[in-house]
Structures are given as structure tokens and as C-alpha cells.
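Asker: Chain by chain, the residues run as shown.
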Amino acid sequence: MIDPTNTELYDLVLQDAPFVIAAYGILWLGLCAYVTFMLTRMLKMGKELTLLEDAVDKLK
Amino acid sequence: MASTENKDRIAEDVLALDVAHLTRKFGVRKALDDVTFQLEQHRFLSIFGPNGAGKTTLLRILATLTAPSQGSDVTVLGFDVVKDAFALREHIGLISHNPLLYPDLTAEENLRFFAQLYGITGADARIDELLDAVELTHRKLDIVRTFSRGMTQRLSLARTLLPRPELIFLDEPYSGLDPHASDILDALIDGIRDKHTFVMVSHDLERGLELCSHALILARGKVVLFEDKETLDSDLFRATYRETVGLGVS
Amino acid sequence: MSKQLKIAIILMVIGALLTTLAFFMAFYTARVQGFGTVVSDQPLDTAFALAPPSMQPTDGIAYERPWLSQKIFYFHVPVAEASFLIFTIAAIFALLFLLRKDKKYDTRSRIAMETAFVFVVATMITGVLWTRASWGVWWDWEPRLTTYFIMMILMIAYFVVRNSVGDEERAATYGAVFCLIAWVDAPLSFIITRLIPSNHPVVFQSGMDTTNLIPFIIAQIGMLMIGYAIYVLRVTEESMHERIELLKERLEA
Amino acid sequence: MSEKRNISSFDQFRAILHKDIVMELRTKEMLTSMGLYALLVLIIYYVALSQAGSAFEVERIAGGLLLLAIVFTSMLGLNRSLVHEKDQGCLEALLLSPVDRPVIFFGKAVGNLIFLILVQILIVPLFYFIFMSGSQVQSGPWWMLALALLVGSIGIAGVGTFLATMSVNTTGTDFILAIMFIPLVFPLLLVVVAALTAVITADAGYTQVYWTMLAAAAGYDVIMIAVAFALYEFIIGA
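Residue numbers (the working numbering), protein chains in the order written: chain L, 1 to 60; chain R, 61 to 310; chain F, 311 to 563; chain E, 564 to 801.
FYI, nobody ran anything at the bench for these hints, they're computed from the structure.
Be aware that one or more of the hints could be misleading.
Far from chain E, some chain F residues (derived; all Cβ distances over 12 Å) [to be verified]: (1) 316; (2) 402; (3) 427; (4) 445; (5) 474; (6) 511.
DSS-like mimics (lysine-lysine), calculated; alpha carbons at most 27 Å apart, straight line [unchecked claim]: (7) R:255 with R:289; (8) L:44 with F:313; (9) F:316 with L:47; (10) L:47 with F:414; (11) R:200 with L:60; (12) F:413 with F:313; (13) R:90 with F:413; (14) L:58 with L:44; (15) L:60 with R:90; (16) F:316 with R:90; (17) L:47 with L:58; (18) F:558 with R:282; (19) F:558 with F:411; (20) F:313 with R:282; (21) R:282 with R:85; (22) E:649 with R:200; (23) F:413 with L:44; (24) E:591 with R:200.
Just so you know, even glycine gets a beta-carbon here, dropped at the ideal spot from N, CA and C.
Excised from the complex, chain L in its bound form (with noise of 0.2 Å):
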């Protein structure tokens, strides 16, 4: 359910698209692959701390 205004404007100008689209996309994808990046960070990080655990479990 389009408000009436707006469609009735959408006809006009729809020049701005491409902007407000790569707008919201990159603000997006910037911040899944920040998160992605973190996330796989930690998780290596994750099996380096169980190696270095081992290692001083067999210490003792």
C-alpha cells in the first residue's frame, strides 16, 4: 500500500535512485564485511587459545 503522494512523485524524478541505492548497499556490505571480518578473526583466534591450552595442560 504506496501512499498516493508518493507514487504520484515517483513518476517525476527518479534520478536519485542509483544514489540512495549504493547508499544503503554500501553501508550494508561495509558492515557485514566488518563483521564477517571480525568474526573470522575470532575464530581463529579460538583455535589458537585450544592449541595454547593443550600445550599448557601438558605442562602440568
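Position chains R, F and E relative to chain L; hints supplied.
Answerer: What follows is chains R, F and E alone, placed relative to chain L:
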């Protein structure tokens, strides 16, 4: 030297160092861990230990340059190093491996600058007296840049003695000195050790042991050994030193 | 996995859903009125230039030109406000660190700065695109953009300074001091459009239609959730890093 | 022998200032390097403007160019002044003496301000002869120009001394100072350039713009020096 300075004299029965539960940590890393010891005035304390044992940190805390972590109780000459730092600074001096002098000022200008910082009135007479004591009167008007290492270190001693400190810190004072300059420094320290308390950090075991009245070994921020030299078992001391420092002792 | 981390991940998912919802609401339910139209006999808001005369539908009412690009508002402003808020939190932690000298405050301050920086970059990108769509230029040196740009540079400087100091505690102290000084720019950037006349629209000054306000608030809440989640994830990562270092040290001894 | 102690912060401040001036007069290190650098910047300005043509109104950008030269030169001197303290560990001796930390800040900052003013006495007339002597514009009184430069210099010396105390302990000293200094003094530069340009072009009603901008610059100085005063203890002891 009778003195009527209006800087408070330190009473004889006040402990020079009263360190209780001194801890210095950042995050989980502890540079000093529950260090506790006491030292009376007019003693000479040598601090030994491997690199990274916390010797310099300990010295900097005692000299009010670094703050201890919460829960520590450190009193130097009766002053709390955190609360009374400002008052304490009038009573302490530091001789370091750095000369702590401005190379582009003359010997006299250097001393006069520090005299002004300490608010010493009648500084002229005091400066002449000190330059005479360290045998640098003839270089009074020369800039420090032209001095040899040994001369700089002597001037550095004069700068330290300028405000008549009761407690003098020595931070690796021999590093970079040739044997002759070291001997001069030794003689100068020997001449004033009755009236002053010394705390020295040094890698030079023989010299440190010879000069000191008390020895302290630090390892991993903890006190491993703290003994009066009178009661110190030399062999045990050397064994402990070898063990913690990991260097052969001749 | 700790409880806090679980909450963070759940918040991240909810935040993502909320901002996406707000994005669609911005197109489907939000009225353009208020932002998109003005009555011609009233003084014009400089922020929104009029559309070309050929496009004007009726007498008395004029459409402002950038009404589609205005949709960027629903994610540009929430990200920007979140960045100000997170920067402020970083400054508070910096102050706490200077007072208490406890490493945990420094770590929190640094991580909040990182999170704020991610949001600042996001604001910059969406902002530049909006500027291009609405004003026809990629960049304009007007007060809000300038102060915000300076804020971004100051944040970069914060990390550069920290990394160039060898001693860990000294780096923390310098970082905290610089964070506090740099933070002065945040409220300045926030209020400057209200002090100096500028091209940049001032939100909430002219009032907002409810249909506009709802997606905006949803997006704002979503963004804050994402910001919090990123912050918690980074804190967890940092504590893992610390544990690894500690274990390595223990193994070497 | 008797001896009295009379520790006063003002005497300590004077001692630090006096020492810096004596050292500088002896080596002339900062003044020559800053003066020569300023001269080089002026030459580069000439190259940059050489193709601008005769219709070009140099008055419009003169204020900005002048301040830019001063900012670049100041950064050179700010770093040197703190490196002196760091070199032989003198800063430690200063910190070990009964001196309030802000006294050190004011001593160094006022020293830097004096050197900055000396360099300006050299480059401002030079700038006038090189770029402005052919100008037809009737400018405002010279004391207004000097006052604006002074207010600007106070901010630059204050913020710069504060930041140089940090940057001197980092690797890559000069770059670190620049990246902290330029964004932080940005607002000051903006208003001082506005004030300078108002005086130089002397458009109708320029005094109003001038005093508004000068008030803003003075406000910046007061706020920043207060902040530096409050935070100096933390950075110098770190």
C-alpha cells in the same frame, strides 16, 4: 655545614624507605608485585635483578616519577609518594646514566637553572662550592657539550647535590663511564655517604655489593632477597643472584 | 560462549532486521510531505531546493527536488547519531581511564573509538552520496560537513598516535588525552547547523510527520543495536587476545 | 652557611623561559631553521601564483597564505623545543624538581610563542614586499593585523606545545605532530584567516567581521589552553 634552611629537616628516626605491598600493574601484567621492605636513613641499598624485573620501575616510583597502583603504601622519608610528592621532591636527587644536563648551557648556567627551580637563595656561593668539590671550577664558563663523559657525570653529581637532598637515587650511574671516571664517582659518593641515603640500580654486581649496606634482588617484580650486608651470606647471595639473573658471577 | 556475546549476536540480527524494515518503510509508508513539499508562499527551507517549475504539480504547493534522495535520511541520520553517541561513550571511558588508571577502561575506550570510526565512515559514504544526489556536488565545505570531516581525521590521528607509542601504558594515556580533546569536536559538529546558517538540513527543527518519524526511530534503534553488538564482539575478541598473550608468556617462562 | 628556600611558581616559570632563550641565542638553531623554512615557503608561493595573471586579486588569499606559512614554520620549532628537553633526559630532572607540571607547560609555551613572534617579524614584512607591494587596496590599520596574528600565535603555541610533548615520545615525531596539530587548530585557522582577510581587504563594515572573528579566536585560545592546563600533568608524567 650548619643549615638554617626553611626546608623541613628530616628527623633521624624517620625511615628512609617504607614500602608496603607495592604493586604496579597494567592490565594483567605486573611490573611490581607486592614489594615490601624497609630501609633506615644513611644506608646504601643496591637493587639487583635481571632485565625487566622491575628495578627501574621501582626506582621511578620511589622518585615520584611514576605512580604506584592502588593498594600500595609507599613512604619515602616520611612522605607519601603520591599525596606528598611535591614536598618529597625537595629531598631527593637522581644520578642517572643520562647526564640530565642541557648540553648548550655552561656548567654554571645549568646549576643556576636548577637552583632557581628549587628556589635556592644565595645560589652563587653554593654553585662555587659544588664546582670546587667536583673539581670543575676551571670549566665553570664552558658549555657542557665540550665536556668529557667523566666531567659531565661529575657535573651531574653537583647538580644532584645542589638542593642538599637527603636521599639520592643512582640509576646505572657507571654505564658509559671509563674506570677512572668510575673511581672519581666512587670517591665522591664515599665522601658523602654518612649523611645521605643511597638507592642504586646497577648491573655491576661487584661494585654494587662493595658499596652497599643492604642488598635487594628483584625477579619478575617480586622481592627474592632483602638482606643487611652484615648478615648476608655471600655464597648464598651469589647463588641466588646467579639463579635469578642467569649470569655467571666471577 | 558467554551470555553477553549471545545477546550481542541476537541484537545484531534484530538490528539488521529493524534497519531493513525501516528501509522499506521509508519507501512504502513514509509520506514525503513535510520533507518533500512546501507551501510556496512560506519562506523556503534552504535545505531543500525547489524542483524545476515544469515538474510542479499544483499551484500553492511545490515539490522539493531531492525528495527521493531524502530516503537516504533513514539510514544516514541514524548512523551519524550513533557515531556521536559511541564517540561520547569512548570519551567517558577515556576520562575514567585517566582517573583510575585501569587498563580495562582504556580497552573499552579504544574499542568504542573503533566502533565509532566504523560508523563515521558509514556516515561519510552515505552523506557524500546524498550530497551528490541532492546538491549536485560530491562535497561542499559547509559547517556540518567540515566539522564532521575534521572529526574523522581526529579519529584517524587517535589510532596513528596510539600505534606510534612503544610503551603500552603511555599509549593508553596519550590515547585517552587525545580522545578527550578530539571529542570537543563532536558536540560542536552536532550543534553547528543550529548556530551558523548552512545548507545542511536540521533534523527535528521543522517537525516531522509521524509516518516519517516511525521508520526513522526504528532505524535508529536498529543502528544502536548493531553498534552495541559490534562493540561487544570487539571486547570479546580483545579479551581472547589478552588470554592468548598471557598463555604464551606462561609457556615461555 | 645558611640558605633559604623560596619556591615560587613564577620564578620557576621565569627560569625555564630564561634557559630556553639563552640556549636559543647561543645555538640560534630554531630561529635559523624556522626563518629559512618560512623563506622557502614564500618562494613556493611565488611559484604557485606565478601563472595566476594580473587580474588576480591577491588580497583575497593573502591572509590565508600568510597564516599557512606561519603554521608550517611553527611545527618545525615546536618539535625542536621539546626534543631539547628529551635529548639528555633533562625532562626527568625537571620532573624530579618541585615544579608544578603546568609551570613547565607555560614556560615552554611562552618560549615557543616568543620564537614564533620573532619569525613573524621577519616574514610578515617580507611577505608584504613580495606579494602585496603592488596592491591598490587600502588595507585596515597594521595593528589590527598584528593583533590577529598574535591571537593566532597564542593558540598555535599553546596547542602546539601541548601536542609536541606527546609527539616527542613517539616514533615519527614530525608526522605525528602534524596529524594531531592541524585538525585541532583547524577552527582557529579558519577564524584567524577570516579576521586577517577582513583587515587586508578592508571592505565596508570590516571591523565588525574582524572583531567577531577575533572574539571567536580568543575563545578558542582560552578553551584550548584551559584544556591543556588540565591535562598536561597526565601526558608529561606518562
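Asker: All hints, please: hold or fail.
Answerer: Taking the hints in turn, this is what the structure says about them:
No Cβ of chain E comes within 12 Å of the Cβ of residue 316 of chain F; the nearest lies about 38 Å off, and the non-interface call holds. Listed as a non-interface residue, residue 402 of chain F keeps its Cβ farther than 12 Å from every Cβ of chain E; the least gap is roughly 15 Å. Separation of residue 427 of chain F from chain E is adequate, the least Cβ-Cβ distance of about 14 Å exceeding the 12 Å criterion. Once the 12 Å rule is applied to beta carbons, residue 445 of chain F is consistent with being away from chain E; the minimum gap is 21 Å.
The claim that residue 474 of chain F is not at the interface with chain E is violated, since a C-beta of that chain comes within 12 Å of its own (minimum 4 Å). The Cβ of residue 511 of chain F lies farther than 12 Å from every Cβ of chain E, with a closest approach of about 22 Å, so its non-interface assignment holds. At most 27 Å may separate the alpha-carbon atoms for a hinted pair to count; residue 255 of chain R and residue 289 of chain R meet this at roughly 19 Å. Under the criterion of a C-alpha separation no larger than 27 Å, the hint pairing residue 44 of chain L with residue 313 of chain F is consistent with the structure, at around 21 Å.
As the CA atoms of residue 316 of chain F and residue 47 of chain L are separated by approximately 19 Å, the hinted pair is consistent with the 27 Å bound. Distance check on the hinted pair: residue 47 of chain L and residue 414 of chain F sit about 24 Å apart at the alpha-carbon level, within 27 Å; holds. Note on residue 200 of chain R and residue 60 of chain L: the hinted pairing is violated, with a Cα-Cα distance of about 65 Å set against a maximum of 27 Å. Proximity of residue 413 of chain F to residue 313 of chain F is assessed by CA-CA distance (about 23 Å); at most 27 Å being required, the pair is judged to hold.
With a CA separation close to 12 Å, the supplied pair residue 90 of chain R and residue 413 of chain F stays within the 27 Å bound. At roughly 22 Å between alpha-carbon atoms, residue 58 of chain L and residue 44 of chain L fall within 27 Å of each other, so this suggested pair holds. A threshold of 27 Å between alpha carbons decides the hint, and for residue 60 of chain L with residue 90 of chain R the separation of about 23 Å falls inside it, so the pair holds. For the proposed pair residue 316 of chain F and residue 90 of chain R, the alpha carbon gap of about 32 Å is over 27 Å, so the pair is violated.
Among the hinted pairs, residue 47 of chain L with residue 58 of chain L is consistent with the structure: their alpha-carbon atoms are about 17 Å apart, no more than 27 Å. At roughly 21 Å between alpha-carbon atoms, residue 558 of chain F and residue 282 of chain R fall within 27 Å of each other, so this suggested pair holds. For the suggested pair residue 558 of chain F and residue 411 of chain F, the alpha carbons sit about 25 Å apart, so the restraint of at most 27 Å is met. Note on residue 313 of chain F and residue 282 of chain R: the hinted pairing is violated, with a Cα-Cα distance of about 37 Å set against a maximum of 27 Å.
At most 27 Å may separate the alpha-carbon atoms for a hinted pair to count; residue 282 of chain R and residue 85 of chain R meet this at roughly 12 Å. At most 27 Å may separate the alpha-carbon atoms for a hinted pair to count; residue 649 of chain E and residue 200 of chain R meet this at roughly 24 Å. At roughly 25 Å between alpha-carbon atoms, residue 413 of chain F and residue 44 of chain L fall within 27 Å of each other, so this suggested pair holds. Distance hint between residue 591 of chain E and residue 200 of chain R is fulfilled; the C-alpha atoms sit about 22 Å from each other, no more than 27 Å.
The structure fails hints 5, 11, 16 and 20 (numbered hints given earlier, in ascending order).
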